[in-house]
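Residue numbers (the working numbering), protein chains in the order written: chain A, 13 to 155; chain B, 13 to 155; chain C, 13 to 155.
Read the hints as simulated data drawn from the structure, not as lab findings. All figures in this text were calculated on a predicted structure; none of them were measured in a lab. Among the hints, a few may not be true.
[Unchecked claim] Derived SDA-like pairs (lysine to any residue); straight-line CA-CA distance at most 25 Å:
| # | chain 1 | residue 1 | chain 2 | residue 2 |
| --- | --- | --- | --- | --- |
| 1 | A | Lys16 | B | Glu68 |
| 2 | B | Lys15 | C | Phe23 |
| 3 | C | Lys15 | A | Arg43 |
| 4 | C | Lys152 | A | Val122 |
| 5 | B | Lys15 | C | Gly25 |
| 6 | A | Lys15 | B | Glu35 |
| 7 | C | Lys58 | B | Leu148 |
| 8 | B | Lys18 | A | Arg43 |
| 9 | C | Lys58 | B | Glu141 |
| 10 | A | Lys16 | B | Tyr72 |
| 11 | C | Lys139 | A | Lys152 |
| 12 | C | Lys58 | B | Met13 |
| 13 | B | Lys16 | C | Glu36 |
| 14 | B | Lys152 | C | Lys152 |
| 15 | A | Lys152 | A | Met13 |
| 16 | A | Lys15 | B | Glu141 |
| 17 | A | Lys152 | B | Asp31 |
| 18 | A | Lys58 | C | His70 |
| 19 | A | Lys152 | B | Lys152 |
| 20 | C | Lys58 | C | Lys15 |
| 21 | C | Lys58 | B | Asp154 |
| 22 | B | Lys18 | C | Asn45 |
| 23 | C | Lys58 | B | Glu144 |
| 24 | C | Lys58 | B | Glu68 |
[Unchecked claim] Label-pair distances were calculated between CB atoms; the ranges are:
| # | chain 1 | residue 1 | chain 2 | residue 2 | range |
| --- | --- | --- | --- | --- | --- |
| 25 | B | Glu73 | C | Asp154 | 47 to 57 Å |
| 26 | A | Lys15 | C | Asn111 | 13 to 23 Å |
| 27 | B | Pro19 | C | Leu153 | 17 to 27 Å |
| 28 | A | Phe75 | C | Pro19 | 32 to 42 Å |
| 29 | C | Asn45 | A | Phe74 | 42 to 52 Å |
Using N, Cα and C, we set each Cβ at its ideal position, and we do this for glycine too.
So the chains spell out like this:
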Amino acid sequence: MMKKAKPREVFMGRLSRGDDLLEEMSNMCLRENIQLGWIEALGAVKRARLAFYNQETHAYEFFAIDRSLEITKLVGNVSLKDGHPFIHAHITLADRAGNAYGGHLAPGTVVFACEFRLEVFDGPGIKREFDEATGLPLWKLDE
Amino acid sequence: MMKKAKPREVFMGRLSRGDDLLEEMSNMCLRENIQLGWIEALGAVKRARLAFYNQETHAYEFFAIDRSLEITKLVGNVSLKDGHPFIHAHITLADRAGNAYGGHLAPGTVVFACEFRLEVFDGPGIKREFDEATGLPLWKLDE
Amino acid sequence: MMKKAKPREVFMGRLSRGDDLLEEMSNMCLRENIQLGWIEALGAVKRARLAFYNQETHAYEFFAIDRSLEITKLVGNVSLKDGHPFIHAHITLADRAGNAYGGHLAPGTVVFACEFRLEVFDGPGIKREFDEATGLPLWKLDE
Chain A
13 MMKKAKPREV FMGRLSRGDD LLEEMSNMCL RENIQLGWIE ALGAVKRARL AFYNQETHAY
73 EFFAIDRSLE ITKLVGNVSL KDGHPFIHAH ITLADRAGNA YGGHLAPGTV VFACEFRLEV
133 FDGPGIKREF DEATGLPLWK LDE
Chain B
13 MMKKAKPREV FMGRLSRGDD LLEEMSNMCL RENIQLGWIE ALGAVKRARL AFYNQETHAY
73 EFFAIDRSLE ITKLVGNVSL KDGHPFIHAH ITLADRAGNA YGGHLAPGTV VFACEFRLEV
133 FDGPGIKREF DEATGLPLWK LDE
Chain C
13 MMKKAKPREV FMGRLSRGDD LLEEMSNMCL RENIQLGWIE ALGAVKRARL AFYNQETHAY
73 EFFAIDRSLE ITKLVGNVSL KDGHPFIHAH ITLADRAGNA YGGHLAPGTV VFACEFRLEV
133 FDGPGIKREF DEATGLPLWK LDE
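Same shape as in the complex, but just chain A (with noise of 0.2 Å):
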């Protein structure tokens, strides 16, 4: 399942120390009105909050990693839920020992320093329905 989307625009930034990273990348795309996007970025953290999908009870398990680390990778998509510009992220990120952990992105991590690619495509954005199998809101599109 997929479509074919338009590029818009192609946006380089940063975001700044001390931002809530998923917060700010929110911001950013409500400001904008981003409605359909793909995001990439590196940088460094100062703690990190991430989530695990528990794929039998439906449930998002949180966890903390309160301690500065790199982001090795952050990979995100805008899309729309409930009417509203989305992010659904996940993040790669390594200590100093360079041990690697990642998960879904989750409120509470807090950015160092981030510099980002943001591509933005023509809407209408795509639209995340409940999707009873998984218990997440995925992304509603013709077979």
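Once you have looked at the hints, place chains B and C on chain A.
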């Protein structure tokens, strides 16, 4: 060694629960006759089958992670091998404790949910050709 | 803080066995005079030299992983530092057991194989400027 690739279109899409991740991406590329492309994705898998390329013996060593994991990142490309669209992808995963794993994506990795951005370039595609030094089918490009 | 970046061209290419990963990407950007860009890659290295930025002391702590590893993901950008094209890249790696590692890419990481997508934007490039709060050369962008 590199060549200019002319972007033709971008697809945004998702795979379905139960799909074989590599096989379904490959089918997608065959159906659309994509000869040159770049794919990025995030999501979750029910289990993973990965490979590590042994640089001494020139053989892939396959291994499985038989539990549910987040896909913190999938990155891959589409080019031509033996005249057919061929996907080469690497994947980074994370478990419920946040520990990260990764490797060369092999058949047998089962999708729980997966959202992707597939960028397609005008053909002709880059061809893979056996490289003696690495034992790998590498891109044939002019110096 | 972000700015619109006008895509000019996309290169697909590969590096050669034995190349210094960071140095060769830098040479590529200097040769093509790329002032603003985004790079993504996958592949394998013979050994890695990474760094972790200490957010307290404002110094990079370098470390090496002296064995062959898969590159499950490289992400980086090209901008201007002291008037010259400069690459900032982070890398995620995995060993033969599938365990993942990562960090800031440092010189001394040796390529076994590497396939990349390099997106180039019209200039002028974004300039890096010393940031007191983080001790890092960050992008200078209007609020």
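query = Between asparagine 45 of chain C and phenylalanine 74 of chain A, does the C-beta distance stay in 42 to 52 Å?
reply = Holds, at about 46 Å.
key: 25 Å limit on alpha-carbon distance, applied to hinted pair lysine 152 of chain B and lysine 152 of chain C   = violated (39 Å)
key: Restraint check for lysine 58 of chain A with histidine 70 of chain C, where alpha carbons must lie at most 25 Å apart   = holds (13 Å)
key: Pairwise hint evaluation, lysine 15 of chain C against lysine 58 of chain C, where the allowed Cα distance is 25 Å at most   = violated (37 Å)
request  = For the pair supplied as a hint, lysine 16 of chain A and glutamate 68 of chain B, confirm whether the alpha-carbon distance does not exceed 25 Å.
outcome  = violated (42 Å)
query = Okay, glutamate 73 of chain B versus aspartate 154 of chain C on CB: inside 47 to 57 Å?
reply = About 50 Å separates the Cβ atoms of glutamate 73 of chain B and aspartate 154 of chain C, which means 47 to 57 Å holds.
request  = Take the C-alpha atoms of lysine 15 of chain B and glycine 25 of chain C, compute the straight-line distance between them, and say whether it is at most 25 Å.
outcome  = holds (6 Å)
query = Do the alpha carbons of lysine 58 of chain C and aspartate 154 of chain B lie within 25 Å of each other, as the hint requires?
reply = holds (24 Å)
Assessment of proposed distance window 17 to 27 Å (beta carbons of proline 19 of chain B, leucine 153 of chain C) = Cβ of proline 19 of chain B to Cβ of leucine 153 of chain C: about 25 Å, so the range 17 to 27 Å holds.
query = For the pair supplied as a hint, lysine 15 of chain A and glutamate 35 of chain B, is the alpha-carbon distance within the 25 Å limit?
reply = Status holds; Cα separation ~19 Å.
message = For lysine 18 of chain B and arginine 43 of chain A, compute the direct alpha-carbon distance and say whether it is at most 25 Å.
response = violated (31 Å)
query = Under the criterion that the straight-line Cα-Cα distance not exceed 25 Å, is the pair lysine 152 of chain A, aspartate 31 of chain B satisfied?
reply = holds (17 Å)
In summary, the numbered hints that this structure violates are 1, 8, 10, 11, 14, 16, 19, 20, 26.
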